[in-house]
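J.: Spelled out, the chains give:
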Amino acid sequence: MNAARRRNLRSGVRLLAAVAITALFLFPIYWLFMISFKTAEEIFSYPPKWWPGQIQFSNYAVLFKDGDATTVWNSLVVAGVSTVVAMFLGTICAYSLARFRTGGENLANWIISQRMIPPVAVVFPIFLVYVFFHWVDTYFGLILLYTAFNLPYVIWMMRGYILDIPRALEEAALVDGYSRWQVLWKVVFPMCRAGLFATAIFTFVFAWNEFLFALVLTRTEVTTYTVQVTHYFGGQSNFWAKISAMSVLGTVPIFIVVGFMQRYLVRGISLGAVKG
Amino acid sequence: MPASLFRSSTRARSVTAAAIPRTAPKERGFRYALVAPSIFVLLLIGIFPLVYLLVVSFQNLTMTDMDTSFQGLLNYRLMVQDVRMWQALLHTLLFIALALPVELVLGLAMAQLFIDRLPGRAVFVALLVLPVMVSPIVAGATWSLMFDNRFGPINQIIGWLAGGEVALLWTINPDLVYAAILTAEIWQWTPFMFLLLLAALAAVDKSQLEAASIDGAGYWRTFFKIVLPAIWPVMAVAILIRGLDLFRLFDIVWALTKGGPGTMTETVSMFTYVKGFQQFDTSFTAAVALMIIVLLTLVVTVALKRVGLEAR
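Protein chains in written order, with my numbering: chain A, 1 to 276; chain B, 1001 to 1312.
Looking at chain B on its own, in the form it has when it is part of the complex (with noise of 0.2 Å):
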C-alpha cells in the first residue's frame, strides 16, 4: 500500500496562494453560488437546532406541561445536580479511557506484523478491513448473538478452556458487560486503526531505518527514536477521529444492553436519547444537547488545529 503522508504544506500554500483570483465581479458571484446551497442545508441543520436548543433550554418544557415561560437557568442546574447524567459522562468516558488504548496498540502491532513482505498481504488486508464497513448496529447484533449464555459460541470457547460448561451471563452480568461492549468496539474498530498505522509505517523513510540498523540501534530504539516521530501526524488523527466517534458511542450498546443493568453502561448519547425521546424532559435535554455541543466544537477545535487536520 503505498503511502504519502499529508500533503507538503508548501506545496499546498503555493497552490492555494495562486488560487486567489483577481476575479471580475460576474466571477464573485460565481463563487458564492458553489458554496451557498451547501451552506444552507449545514445551517438549516447545523445552527438551527442550536438556536432552537438555546431558546427551550431557558425554558420548561416536559410531556405533560408546555410551559414556555422564561426559568433562567433552572434545567442548567437540573442538569449539574442529575447524578445519572454525570454517571453516563463517566461511562463515556470510562469506554474511551478503555477502548482507544487498546485499539491503538492492538492496530499498531498488526501493522507492524503486515509491513513486511507477505504472501497474499493484499488479501489479509482486504478481509481484516471488513468489520470497519459493518453497520454498527448490525455489530451489536452479531456480537449479542455470540454472547448468548447458551448457544452462542463465546461461552463454548471459554468451555473448551476451561474444560466444563460455563453459563456466563455477558450483557446482563454487571461485571461482565462492560467486557462484552469493549469487545465488540475494539473488534469493529481495531481495523481502522490497523489500516491507517499500515499506510503511515509504508511511508516511513527505509534510509533512517538501515542508518539506525548500521549503527547498531536495537528494535525498541528504532521504534522509539524514529519509526513512532514519524507515524505520530497519523496517529494523532486516528486518536481525533476514534475519540471523538467514541463519545458518541450508540448502536453498539444499543444493541448490547441498551444502557443496562439498570444505567450501568448508559453513554451520554444513551443518556439525551431516553431523557428526549422515552421520557419526553424536551427543556432538561436541550441543555444536555446543548453543553454536548459546545463542549465538543472547543474540544474539535482545539484538536483540530493540534493535529494537522486543519484546512490550509
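With the rest of the complex left out, here is chain A (with noise of 0.2 Å):
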C-alpha cells in the first residue's frame, strides 16, 4: 500500500517535471506567436503582456499588402523545386551506391564529408562565380546551391534506406525481364517510399530554412522569408510585429509537414546513425 502510494508519488512528480519542461521548451515560440497576434500597443506596454486582449491578425494583413508575403512564395519555390531535383539525383545515385558499391567506401564517405563544410568558406567563391554568370538574385542560382548543398544528404540518407530493402525483388524483376530503369521506378522507388518521403520533408526544411546563402545571393526579386525576416532588425522597435508575423508565416509550415513525419524524425536529423 505504502509502495504503491510512493510510486504513485513519483509518477506524479516525473509528470509534473515533464510538463515543466516541455513549458518552458515552448515559451519562446509562444511569445513569438502572441506577439504576432498584438497591437501596436499591446507589444509595447510595460510591463511585458503575456497575451492579446484577441487575437487579431491585422499584422498579417500588413506583409500580405505591402507584398513581403511574397518571400514565403519565393522560399517555397526555392526549396520545392530543389528538394524535387535533389532528391531525383541523389536517389538514383544512392542506388548506384548502395547496389554496385559504386566508388567503395572512399566515394560514399566523402560525400557525407561535403555535408560538413561550413557553408560561408564556400558561399565566397560561389558567389564571385554568381556574379560573373548573372545567377545572382534568381531562382535558379539559388536552386543550383540548394540542390547541391543537399545532394550529400539525400544520398547518404537514401544509400541507408535502399541497403535496407532486400536485393531478391529486384532480381525477380531482372529475370522477369524488366529493364535496369525499370526497376528502379516499378520496384525500388515504391519499396523505399517512407525513407523517400521522410528525406524529402528534410531536405525541403533545411532549404527553406536556410540563411546565409539566400543572404549572399539575394537582393530583392527571390529574398527568401529567412532574409525577409532580417531586414526589419534595427534601431527602430516598431518593426517587432512584423518579425513576429513573418517569422510565424515560415515557422508555421514547417511545424505542420514535421507533425506529420514523427516516426522518421530520429533518422532523419541524426544523418541515419540512428534508426528511430
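Calculated from the structure, these hints are not laboratory results.
There could be a bad hint or two in this list.
Said to hold, decoys possible - With a Cα cut of at most 27 Å, we get these calculated DSS-like pairs of lysine-lysine:
| id | chain 1 | residue 1 | chain 2 | residue 2 |
| --- | --- | --- | --- | --- |
| 1 | B | K1225 | A | K275 |
| 2 | A | K242 | A | K65 |
| 3 | B | K1206 | A | K275 |
| 4 | B | K1225 | B | K1206 |
| 5 | B | K1258 | A | K275 |
| 6 | B | K1305 | B | K1225 |
| 7 | A | K242 | B | K1258 |
Unchecked claim - Over the 12 Å line for every Cβ pair with chain A, so calculated as not near, a few chain B residues:
| id | residue |
| --- | --- |
| 8 | R1077 |
| 9 | V1102 |
| 10 | A1141 |
| 11 | K1206 |
Keep in mind the model is a prediction, meaning the values are calculated, not measured.
The beta carbon of each residue, even a glycine, is placed where N, CA and C say it ideally should be.
Using the hints, put the two standalone chains together into the complex.
T.: Put into C-alpha cells, the structure is as follows:
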C-alpha cells in the first residue's frame, strides 16, 4: 500500500517535471506567436503583456498588402524545386552506391564529408562565379546551390534506406525482363517510399530554413522569408510586429509537415546513425 | 519510440558484399550514369570553389585593387598575424566548449526523464522537438524579442524573482552577450540531443539492467557501467554533428548581436562573412576560407572513422 502510494507520487512528480520542461521549451515559440497577434500598444506595453487582448491579424494583413509575404512564396519555390531535383539525382546516385558499391566506401565518405564543410567558406567563391554568370538574385542560382547543398544528405540517407530493402525482389524483376530503369521506378522507389518521403521533408526543411546562402545570393527578386525577417531588424523597434508575423508565416508550414512525420524524425536528424 | 541502433555491421557487409555484381559492360555504364549527375553538381559546388580559393589566395585582390600578380604566401602571413581572426576562432571554440556539454547533459537528463512510461509521452516528445525545426535565424529573432530590456519577458521574470525592476541589456552588455547567445543556442539544440539520446536509451538491453539491479548495483553504477557504454555510439555521432554545426555558428549570433559589442561575439563564420562581403578583402578571405575547409576536412575525416558514422 505504502509502496504503491510512493510509486504514484513518483510518477506524479515526473509528470509535473515533464510538463514544466515542455512549457519552458515552448515558451519562446508561444511568445513569438503572441506578439504577431498583438496590437502595437500591446507589444510596447510595460510591463509586458503575456497574451493579446484579442486575437487579431492586422500584422499579417500588412505583410500581404505590402507584398512582403511573397517571400514565403519564394522560399516555397526555391525549397520545393531544389528538393525535387536533389531527391531525384541523389536517390539514383544512392542506388548505385548501395547496390553496385560504385566508388567504394571512399566515395560515400567523401560525399557525407561535403555536408560538413561550413557554408561560409564555399559561399564566397560561389558568389563571385554567380556575379560573373548573372545568377545572383535568380531562382535558378538559389535552386542550384540548395540542390548541391542537400545532395550529400539525400545520397547518404537514401543509401541507408536502399540497403535496408532486400535485393531478391530486384533480382526477380530483372529475371522477369524488366530493364534496370524499370527496376528502379517500379521496384526500388516504391519499396523505399517511406524513406523517400522522410528524406524529402528534411531536405525541404533545410532549404526552407537556410539563411546565409540566401543572404548572400539574393537582392530583391527572390528574397526568401528568412532574409526578409532580418530586413526588419535595426534600431527602430516598431518593426517587432513584422518580425514576429513574418517568422510565424515561415514557421507554421514547417510545424505542419514535421507533425506528419514524427516516426522518421530521429533517423532524419541523426544523418541515419540512429534508426528511430 | 522503438529504436534499433546502428545496422549491425555483419549484416550490412553481407548485403554489400553480395551487391558486387558481375556485370556486363552495358551495366557498368548504367551504374556510372546514375552517379554522374550528382558527382557533377558536387564537384561544381565543392571542388571548384576550392581551386578558385587556392588561386585567389595567392593574389592580392581587394575592393579597390584588382591585383592578380602572384603574391606567394602574403595572405597566409597576414592571416596568421590577424588578431581578430584568432579571436574569432577563440570565440567559436568557446561557444562549442560551453554549449556542447550543456546540451549533452541537459538532453541526457531529459531523455532519462522521458524514457519510462509517462502519460502523453508521444505528445511531449512531439512538442519538445519543435525548437529544432525552427529556422535558426527565426530562433535568434525570437530570442532578441525575448531579451529586450523593456518589453521582453526575460527581464520581467528576473524582476519578479529579484523583487524589483531590472533592465539588463542582454545583447549589448559585454558581461551578458555570451549568456544570451548560449541560451538561444542551447534552447534550440538541446531537443536534438534529447531526441537522439532517447532513441539510444530505448535500445539499451533491459535484461542487463535487470541483472544489474538483482546484483545490487545502484543507479549511478548501473548508469556508468551499462547505460553509458551502450549509448556511447549514438552520443558520439550526436557530438560530432552538433560540434560541426557549432563551428559554423552564424544565424543566431547574427540575429542577436551581429558579433558585437565590437567584435566580442564574432565567430569564424561571421569574420569570414564580414571580410568577404562587407570589406571585400577578397584574397585575404580566400586564404581564411581555404584554411577553414582544410581544417574541417581533416577533422571530419578523422572523426567519421572514429564515431562509426562512415560508410560500411
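J.: Each hint needs a verdict: does it hold in this structure or not?
T.: Do the hints match the structure? See the list:
For the given pair, K1225(B) sits about 24 Å from K275(A) by alpha-carbon distance, which is consistent with the 27 Å threshold. About 12 Å separates the Cα atoms of K242(A) and K65(A), which keeps this hinted pair within 27 Å; it holds. Distance hint between K1206(B) and K275(A) is fulfilled; the C-alpha atoms sit about 18 Å from each other, no more than 27 Å. Taking the CA atoms of K1225(B) and K1206(B), the gap is about 14 Å. The hint holds against a cut of 27 Å.
With a CA separation close to 38 Å, the supplied pair K1258(B) and K275(A) exceeds the 27 Å bound. In summary, the hint linking K1305(B) to K1225(B) is supported, as the alpha carbons are separated by about 24 Å, within the 27 Å threshold. Under the criterion of a C-alpha separation no larger than 27 Å, the hint pairing K242(A) with K1258(B) is consistent with the structure, at around 20 Å. For R1077(B), the non-interface assignment is confirmed: its Cβ lies about 20 Å from the closest Cβ of chain A, beyond the 12 Å cut-off.
With a least beta-carbon separation of about 14 Å from chain A, V1102(B) lies farther than 12 Å from that chain, consistent with its non-interface assignment. Against chain A, the non-interface label of A1141(B) is violated: not every CB pair exceeds 12 Å, the least being about 5 Å. Listed as a non-interface residue, K1206(B) keeps its Cβ farther than 12 Å from every Cβ of chain A; the least gap is roughly 18 Å.
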